[in-house]
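Protein chains: 2
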Amino acid sequence: MSHAYKDFEPNWLRESFSPTSYRSIFKWGAPDRIKAPKESLYKLLKETFQLTDEAFSDYTEELGLDEVKYELPIRLTTQQLGKFASIVGPDYIRTDCYARLSVAYGKTMYDILRLRHKIVENVPDAVLYPDTKEQIEEIVAYCAEEKIPVYVYGGGSSVTRGVECVKGGISLDMRLRFNKVVAFNEVDQTITVEAGMSGPKLEETLNNAVQNFGAKRAYTCGHFPQSFEHSSVGGWVVTRGAGQNSTYYGCISDIVLAQEYATPIGRIKTDTYPRKAAGPDLNQIMMGSEGTFGVLTHVTLKIFRHMPETVCRYSFMFRNWETAQSAAREMMQCEAGHPSVFRLSDPEETRIMLRLYGVDETPLMRLFQSRGFKEGEMCLYLGFTNGEKGFSKNCAHMMKKIAKQYGGVSLTGYVTKSWEKGRFDDPYLRDTLQDFGVVIDTMECSVNWSNMSRVHAEVRAFCKSRPNTICMTHMSHVYPQGANLYWIFITQCRDPEEFKAYHAGILSAIQKSGASMSHHHGIGKMFAPWLEGSLGRREYAVFKALKAYFDPDNIMNPGGTLGLDLPEEEKKFLREDIK
Amino acid sequence: MSHAYKDFEPNWLRESFSPTSYRSIFKWGAPDRIKAPKESLYKLLKETFQLTDEAFSDYTEELGLDEVKYELPIRLTTQQLGKFASIVGPDYIRTDCYARLSVAYGKTMYDILRLRHKIVENVPDAVLYPDTKEQIEEIVAYCAEEKIPVYVYGGGSSVTRGVECVKGGISLDMRLRFNKVVAFNEVDQTITVEAGMSGPKLEETLNNAVQNFGAKRAYTCGHFPQSFEHSSVGGWVVTRGAGQNSTYYGCISDIVLAQEYATPIGRIKTDTYPRKAAGPDLNQIMMGSEGTFGVLTHVTLKIFRHMPETVCRYSFMFRNWETAQSAAREMMQCEAGHPSVFRLSDPEETRIMLRLYGVDETPLMRLFQSRGFKEGEMCLYLGFTNGEKGFSKNCAHMMKKIAKQYGGVSLTGYVTKSWEKGRFDDPYLRDTLQDFGVVIDTMECSVNWSNMSRVHAEVRAFCKSRPNTICMTHMSHVYPQGANLYWIFITQCRDPEEFKAYHAGILSAIQKSGASMSHHHGIGKMFAPWLEGSLGRREYAVFKALKAYFDPDNIMNPGGTLGLDLPEEEKKFLREDIK
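Line by line, the protein sequences are chains V and E. If you count the first sequence from 1, position 317 lands on 317 in our numbering, and the numbers rise without skipping. If you count the second sequence from 1, position 286 lands on 286 in our numbering, and the numbers rise without skipping.
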């Protein structure tokens, strides 16, 4: 991707790099895809960080172009390695430095900063590339016997240190072979896949169901997280993810119909009934276990009709955050069905989006001004609807009607279309900017409507307490009872530990203001120290009881995931009353 | 309620009875409400059972008019009784025969048959009427210390032996005092209530939210099980119930936002965030626990706008069960939003409904015949939509359009209205008919679309294997992936054990045909022997691990609930492969 800069084009790293370099591991997504900021964003960053073009002439951060090389002993015995080779086949086990590191980290900013600095702390002893459910069951059973830690690598887009192999052992890289369709059932509108199936492959498979399965029509999976292109179905499920269209299609925990796991105590399989009243919901017990109970093997998902022709797009500008929030709440409580994408930006995000889209120099800006809207107060809302034609149309009609009732100025569907173009692209920016010491990262949480203003204000205040920090907030994944609040912050930072401390501060601010720890990123090892303090001791101990049942020897994703094996002194309790 | 019979009016029991009689306990609902069958139903029954009017002149079954009296020792000590009295107040503990029996049974047919025959097997030693969450917490903590069994009585409409006090101890009767509103939050659209709140009181409270809470508008709870008038919020939640409008509003497991329990290990409280990605879902672990983990105290429910003016009603006649099923599936998969009530009757239920409504002697019948529809093949479908005006209208429009595509003949909204009139009334029939040895009972399960015909045929075949048995089936609580199938069977039976065996046979047929044990009635003690065999040994052991954590001494609803303390030899395994 090339951008024409009018005055000065920074020295963005555009050349290709070794496929076995550190950069090849920490870089987002496809190796040959690079995204540089638009000139408007570049100017904003220079302003924010009080930098000159000079600062963007030479890289100020490690680029990670070196070949991966480190000395970490393999602690598995020859016999153990032989056993694994006999299960997956000798071509599908690797113990070289590159393979081990390639699955050791996700895309948590802390991981990326460590990898740039060649800080290699935790890698598996061997990487296995399983082909079938039965192989995975055999691997887990053997690891249970031998007490070998088991990690799983799906899409590798974790932002919670979810996949980090803290205790060595093996990591199952699901991408290569464990990514097939197991069953397609058009009558029940379901598809069963292996957990390593990637998002794009699933969606393509469903979009082409007529050709692939002789189906009557095309389908969609309905699940499009920002990490879509580099995420796997298994990752969606075990972390309780949500896609950008979740307001209509539901979060993954609504979309999953059945699951199958290979656990240390054997196979755990749930059934595919649409609903049951037969004790606690086993599906909802397994989802969110983040690899600590067992390895997810097969997943049955609900699928939806692929009807891109019924999409109705719209966008609005609201006077301020309070008015916009009220409109958003009415949209979700009016019972006109739920729109699909629903994104409401706060004043800072709006200001930056207007600049990025160049709106600040157009007649549109004068229209806002004529209505008395002020930069720094205005809020941009965009969205679209899905579903059957009449449903989609009526839903869009109601969203527009409500927006107008709350004084929103219509910006047509153009803004939404612009957003759609870049919806899976933004993470590519991270690498380019970081070469110059600029970090972009995100945090998110779930909030009730009645607490929305407080959470927004308090978390934002913390983010901005770091000098020269951009903090953009938006609301998405919206419900009649509340919504997800999502922060994108941009700051200058090079030191992994300094970043980690700032990140922890944001998480604390989120919790202190009365929001959930995460709406859809999950907990992993990064947020784990806070989990018990967030849920309460007795409530959290339920997870421990489940862990003790499924994995008594703690071989599944050990080393802090969900805090299940975290020493007491490493846990954080933000509220006294919850101990 | 009085019915004019043209020829002969059976000697239906219409006189009042002692409020401390057995009948006062096993009778459905309000003491003064009695429902006798319409003449058309009476005629049908006579035909089916080959009976003359003579048989309905004298009661052939025990009427249960005697005063409750039995000799079952109270095993609690004076000190224990004193302690309970000190917690709830001396006026709110009872140990008399009537009080003890009044909460010992639900409305399971097996219970009713036993009570008619004065078979009193299991009663609590004392009945407590708690007033506050704190009282319940103190009671449970004390019972944990003293190892006293704890049962809970809410609405008393269990059809699974859910409330039966198999091990004595205490029962908490929630109806009297533990039925208050704790909080109403219009911004978040939620209400928090004590678990003993009855369905009608909740709905009335919400319908009058303007007067009660100064709210901006009226709300509805959206949850209307057939037992609505005699059910409690707590019962809905712990059994994972579903209301007749669940296709639109969701089952209770969708409607619950947060819960609080008093368990032997202390208070368990979930939070109110609209969605989370923070480990397994604790709400979905507690729901379905049926009193075996702890006593549900407070519940926060999502509420919905009360908009009766937007309801759109419709009904159709389809040519046959296969065509009707296909139409039903298309209705749920077309993504036009979900209708609220959705009821599709199979040919036998349709035939009987036509007779009951007297349609079989009208010109309408000739219309069906002119289309080539045949009695014994035709299927009646009725429903209505809820929601915002445009949503409701579009949804109804699509349901009608699809019905017509599948050859359905429109019967207007009249049939739906007739159904609505009697929707909570039918259980009253049970008592009246049983006085003459005729039993009406129901069974239900959850089925995927692709297995619907098989489940319907096989379960129906078993039901009809009992001579002279009416077996009406309908589909309701419908999803894109399948639906609930619901059987109403009418047969002659007097012996509780004979009935129990028949009932067990139906449950076996349901499972063998590949359906779930229950969609919304729950498991209780009645279905419990099959639960482990239905889920699988390893999957079921998850429930045991949870039980061991919450209630290590098995004081919560002990004696077979969910099969958690059932001896191995009492369990049933229908499938070899699941052991």
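Take these hints with a grain of salt, some might be off.
Which copy is meant is left open, because identical chains are indistinguishable; a pair holds if it fits in one copy or across any two.
Listed next, the in silico SDA-like pairs over lysine to any residue satisfying Cα-Cα at most 20 Å (straight line) [to be verified]:
1. Lys269 / Leu574
2. Lys417 / Glu497
3. Lys393 / Arg575
4. Lys389 / Lys401
5. Lys544 / Ile265
6. Lys404 / Ser450
7. Lys269 / Asn208
8. Lys401 / Ala215
9. Lys201 / Asn179
Quick caveat, the hints were computed from the structure, so don't treat them as lab data.
Here is what the structure says about each hint:
In this assembly of identical chains, the alpha carbons of Lys269 and Leu574 lie at most 20 Å apart only when taken from different copies (17 Å versus 37 Å within one copy). Taking the shortest alpha-carbon separations for Lys417 and Glu497, neither the intra-copy value of 39 Å nor the inter-copy value of 67 Å comes in at or below 20 Å. Proximity of Lys393 and Arg575 under a CA criterion of 20 Å is satisfied in neither setting, with 46 Å inside one chain copy and 48 Å between copies. In this assembly of identical chains, Lys389 and Lys401 lie within 20 Å of each other by CA distance both inside one copy and across copies; the values are 18 Å within and 13 Å between.
Proximity of Lys544 to Ile265 under the C-alpha cut-off of 20 Å is found in both arrangements, the shortest distances being 16 Å within a copy and 15 Å between copies. For a Cα distance limit of 20 Å, the shortest separation of Lys404 from Ser450 qualifies neither inside one copy, at 23 Å, nor across copies, at 45 Å. With identical chains, the CA atoms of Lys269 and Asn208 are never at most 20 Å apart, being 29 Å at best within one copy and 46 Å at best between copies. For the homomeric pair Lys401 and Ala215, neither the shortest alpha-carbon distance inside one copy (38 Å) nor that between copies (23 Å) is at most 20 Å.
Within a single copy, Lys201 and Asn179 get their C-alpha atoms as close as 9 Å, which meets the 20 Å cut-off; across copies the closest is 52 Å, which misses it.
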